[in-house]
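S.K.: Protein chains in written order, with the numbering used here: chain A, 1 to 415; chain B, 1 to 415.
Some hints here could point you the wrong way.
[What the hints assert, rightly or not] Covered by chain B, per the in silico footprint, the following chain A stretches (three or more residues, Cβ under 8 angstroms): (1) 79 to 92; (2) 108 to 117.
[Claimed, not checked] 20 angstroms max Cα-Cα, derived EDC-like pairs, lysine to aspartate or glutamate: (3) A:Lys65 to B:Asp143; (4) B:Lys69 to B:Asp155; (5) A:Lys362 to A:Asp155; (6) A:Lys65 to B:Glu377; (7) B:Lys317 to B:Glu292; (8) A:Lys293 to A:Glu401; (9) A:Lys109 to B:Asp88; (10) B:Lys83 to A:Asp143; (11) A:Lys46 to A:Glu136; (12) B:Lys83 to A:Asp357; (13) B:Lys46 to B:Asp6; (14) B:Lys2 to B:Asp155; (15) A:Lys65 to B:Asp242; (16) A:Lys83 to B:Asp357; (17) B:Lys65 to A:Asp357; (18) A:Lys288 to A:Glu401; (19) A:Lys282 to A:Glu258; (20) A:Lys109 to A:Asp88; (21) B:Lys65 to A:Asp242; (22) B:Lys2 to B:Asp15; (23) B:Lys411 to B:Asp178; (24) A:Lys83 to B:Asp143; (25) A:Lys282 to A:Asp405; (26) B:Lys65 to A:Glu377; (27) B:Lys109 to A:Asp88; (28) A:Lys288 to A:Glu314; (29) B:Lys69 to B:Asp103; (30) B:Lys109 to B:Glu136; (31) A:Lys130 to B:Glu136; (32) B:Lys130 to A:Glu136; (33) B:Lys411 to B:Asp393.
[To be verified] Per the computed footprint, the stretches of chain A lying under chain B, defined by three or more beta-carbons under 8 angstroms from a beta-carbon of chain B, are: (34) 57 to 66; (35) 127 to 140; (36) 200 to 213; (37) 270 to 284; (38) 323 to 334.
Since the hints were derived computationally from the structure, they do not count as laboratory data.
The structure presented is a predicted model; accordingly, all values stated were derived computationally and were not measured.
Even for Gly, the Cβ is constructed at its ideal location relative to N, Cα and C.
Residues per chain, in single letters:
There are 2 protein chains.
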Amino acid sequence: MKSDLDTRMQTNNLDALIVIGNATYNPPMYYLTGGGHITGATLIKKRGSQPVLYCNDMERGEASKSGLKVIPDGTYNNDSLLKEAQGDSLLASAFRYKRMFIDQGVHGKIGLYGTADIGSEFAIFTRLQKLMSDSEFVGESHDNSLFMYAMETKDDAEVARIRRMGMITTTVVGRVADYLTSCQVRNDELLLGEDGTPLTIADVKSRIDLWLAELGAGNPEGTIFAIGRDSGIPHSIGTPTDLLRLGQTIVFDIYPCEAGGGYFYDFTRTWSLGYATPQAQKLYDEVKTVFEKVRDNLDLNAPFKDYQRLVCEEFEKNGHQTPLHTPAPVEGYVHSIGHGVGLNIHERPFSRLTSSDDNILKPGVVITSEPGLYYPEKGMGVRIEDTFWVRPDGIMEVLAEYPYDFVLKMKNWGR
Amino acid sequence: MKSDLDTRMQTNNLDALIVIGNATYNPPMYYLTGGGHITGATLIKKRGSQPVLYCNDMERGEASKSGLKVIPDGTYNNDSLLKEAQGDSLLASAFRYKRMFIDQGVHGKIGLYGTADIGSEFAIFTRLQKLMSDSEFVGESHDNSLFMYAMETKDDAEVARIRRMGMITTTVVGRVADYLTSCQVRNDELLLGEDGTPLTIADVKSRIDLWLAELGAGNPEGTIFAIGRDSGIPHSIGTPTDLLRLGQTIVFDIYPCEAGGGYFYDFTRTWSLGYATPQAQKLYDEVKTVFEKVRDNLDLNAPFKDYQRLVCEEFEKNGHQTPLHTPAPVEGYVHSIGHGVGLNIHERPFSRLTSSDDNILKPGVVITSEPGLYYPEKGMGVRIEDTFWVRPDGIMEVLAEYPYDFVLKMKNWGR
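My request is simple: use the sequences and hints to build the entire structure.
M.R.: Listed below in structure tokens is the structure:
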């Protein structure tokens, strides 16, 4: 939680931190400002103090909605900084940061955060390091930065926002299921759209985006809607021109966020329209069994990677390759069991076998569980995913319920 | 154009460049890969050679759609890199980059690009610089990086994509105008929604997002739809709970991009519903006159900032403050006349008075022209903006036509 930031700063011996960039698509800046139309801003926080936000003069109105102390960029005269830097705009930026640090009384070990242009910031902070020899600028591994540690546990307001995204997500999934099962079927094979032509992945995705927008969600990362061979490649998002066919596995992995940036939800179902091949049904049943085993065994304060090991062992018993004994497998179980969800679609805790032991199911953590099996050469793949809140009372609560049907009955076709 | 990259690399004495991050919301990576679901990738380009793309093993399918040579990350064993780095994951990443450079035969002056986590990349490249003493890692100012120079001129395929976004943008603007003018009006003042309650800015924005999604556009940066005082603050995006009222200036600045990231369009109209106050009408007429003066005077190969000076002079003649004689004005004309548009909503050429002389209206450039006048304390603001393509034959072509009506007649109200 936000209140953990100062503790983590102390653990890391940081005297201050600086966050750079926009308030959207930039989780640390969003976390401290609450988002909004704030671009190319700079936030400085001394340990134990409230952050100060430097913003574009024209965005002072938006920036003040953050509730933080706002200082317009115009406070520092760009022309004179550029003159002082003899025309080197990167050095002028370094001078500007230096003035900010002086004005905020900041020096010592300073952490650098934010999603922004890495080339210019590398050049600026390399210069700044030379200008401020009494300070040390440090960066952390993205996945284990102090922000990721703070964001790892959510307060009730954050959980409510993720839950709301879960409701929107499952509403859209339900609409997609209704739409697909209402389609006419040609030659016992192809789904047809309203205009009588075969339905494509692109057609389905445009409806998904429309429904998400209608319900107030953004979809910055896109949607995985992959059929047949693509469903066997976990991160194939689906081929736009592929046709919707009966009896093929469809992996539908949807991970929208609040419109304008904000909290994500993460959800997957696998469907087979009309009927399933025995091979696909067997694969689905295996994944479902493991999904339930994980769900029923999630324990408060257990290391998350214990469940990765469990899933690998279960799948290996059935003869599938997994990362436990096969480095980077390309078929079988090829990823990890889950990850935290919040302002980042992937955040702490992580569940890789190599993840550190402090990735645990602490109270307030929100995680996915998403076992899957992938056989691209057999043209099939299966994944089932829900998002869980680790409640302070130890109960693992699914934040949005949705049925687990694999075969979806077609309303206008049957055998 | 893309073919300018090697020339610019030569000008900057770069032996190679490295681009880091996702293919979406990361213009240099999008530019070289064509976008798609490629996350946390690394692209290395030697001067004079085709780029090589290192990607997540699970995203090799998506990455191969780029047409580039793709090397899966699994080529380098993370566990042994981490062991070699004695558990320092940032040093392990530096080792990994070093191996890539060795395998690609790259050393010398290497430019660093991409939108990503600045903290971890600063830490990694600081370590890498120490590991590769025969090379020098450099960053450029974002707005004037070699990518911005290359992207500055568009080929026909890029212009066609921007034009298509212009068509979508103006279609949505037309729908918004139709919707607003069809509303019922209460007490000669408030617009009402279908349910009889007063219409809010949030209501209008949710329709905008819906229509954009329906037509295949994304809206990652949001929309400015600001009424009254907010319309006088150029970068206020509008207050969600503000009500739609007759006779107030509404600045509607819409800048969507292709769904999934890609090319932007940028467009603004100012409206007053039902009627306009004489003060607002006068302000509108002044802006319109200047807008037309700029449009009619755009010259092939002219420095873009010449038009900023022209606009300042014209507005100052009428008694408005401008950046020409007032540093960072908060009322009057407070920004610059325009900017390039492409994979970045703001890119070269720039038109600030301080912009370098090489920001010129070269053939193939796509720019905005967007004069405006802002009086927040009087509760009004006006901006008019179109996007122009500087054609190779010297004609300045508006990429999407749309009428310039200021007062929109209400269908169910009149005086």
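S.K.: Are the hints correct? Go through all of them and say.
M.R.: Here is how each hint holds up against the structure:
{"no.": "1", "hint": "79 to 92", "in the structure": "holds (count 4)"}
{"no.": "2", "hint": "108 to 117", "in the structure": "holds (count 7)"}
{"no.": "3", "hint": "A:Lys65 to B:Asp143", "in the structure": "violated (28 angstroms)"}
{"no.": "4", "hint": "B:Lys69 to B:Asp155", "in the structure": "violated (24 angstroms)"}
{"no.": "5", "hint": "A:Lys362 to A:Asp155", "in the structure": "holds (12 angstroms)"}
{"no.": "6", "hint": "A:Lys65 to B:Glu377", "in the structure": "holds (19 angstroms)"}
{"no.": "7", "hint": "B:Lys317 to B:Glu292", "in the structure": "holds (16 angstroms)"}
{"no.": "8", "hint": "A:Lys293 to A:Glu401", "in the structure": "holds (17 angstroms)"}
{"no.": "9", "hint": "A:Lys109 to B:Asp88", "in the structure": "holds (19 angstroms)"}
{"no.": "10", "hint": "B:Lys83 to A:Asp143", "in the structure": "holds (18 angstroms)"}
{"no.": "11", "hint": "A:Lys46 to A:Glu136", "in the structure": "holds (14 angstroms)"}
{"no.": "12", "hint": "B:Lys83 to A:Asp357", "in the structure": "holds (17 angstroms)"}
{"no.": "13", "hint": "B:Lys46 to B:Asp6", "in the structure": "holds (9 angstroms)"}
{"no.": "14", "hint": "B:Lys2 to B:Asp155", "in the structure": "holds (9 angstroms)"}
{"no.": "15", "hint": "A:Lys65 to B:Asp242", "in the structure": "holds (15 angstroms)"}
{"no.": "16", "hint": "A:Lys83 to B:Asp357", "in the structure": "holds (17 angstroms)"}
{"no.": "17", "hint": "B:Lys65 to A:Asp357", "in the structure": "violated (38 angstroms)"}
{"no.": "18", "hint": "A:Lys288 to A:Glu401", "in the structure": "holds (15 angstroms)"}
{"no.": "19", "hint": "A:Lys282 to A:Glu258", "in the structure": "violated (36 angstroms)"}
{"no.": "20", "hint": "A:Lys109 to A:Asp88", "in the structure": "violated (26 angstroms)"}
{"no.": "21", "hint": "B:Lys65 to A:Asp242", "in the structure": "holds (15 angstroms)"}
{"no.": "22", "hint": "B:Lys2 to B:Asp15", "in the structure": "holds (17 angstroms)"}
{"no.": "23", "hint": "B:Lys411 to B:Asp178", "in the structure": "holds (9 angstroms)"}
{"no.": "24", "hint": "A:Lys83 to B:Asp143", "in the structure": "holds (18 angstroms)"}
{"no.": "25", "hint": "A:Lys282 to A:Asp405", "in the structure": "holds (14 angstroms)"}
{"no.": "26", "hint": "B:Lys65 to A:Glu377", "in the structure": "holds (19 angstroms)"}
{"no.": "27", "hint": "B:Lys109 to A:Asp88", "in the structure": "holds (19 angstroms)"}
{"no.": "28", "hint": "A:Lys288 to A:Glu314", "in the structure": "holds (12 angstroms)"}
{"no.": "29", "hint": "B:Lys69 to B:Asp103", "in the structure": "holds (14 angstroms)"}
{"no.": "30", "hint": "B:Lys109 to B:Glu136", "in the structure": "holds (5 angstroms)"}
{"no.": "31", "hint": "A:Lys130 to B:Glu136", "in the structure": "holds (16 angstroms)"}
{"no.": "32", "hint": "B:Lys130 to A:Glu136", "in the structure": "holds (16 angstroms)"}
{"no.": "33", "hint": "B:Lys411 to B:Asp393", "in the structure": "violated (43 angstroms)"}
{"no.": "34", "hint": "57 to 66", "in the structure": "holds (count 5)"}
{"no.": "35", "hint": "127 to 140", "in the structure": "holds (count 4)"}
{"no.": "36", "hint": "200 to 213", "in the structure": "holds (count 5)"}
{"no.": "37", "hint": "270 to 284", "in the structure": "violated (count 0)"}
{"no.": "38", "hint": "323 to 334", "in the structure": "holds (count 4)"}
Hints 3, 4, 17, 19, 20, 33 and 37, counting from the list given before, are not met by this structure.
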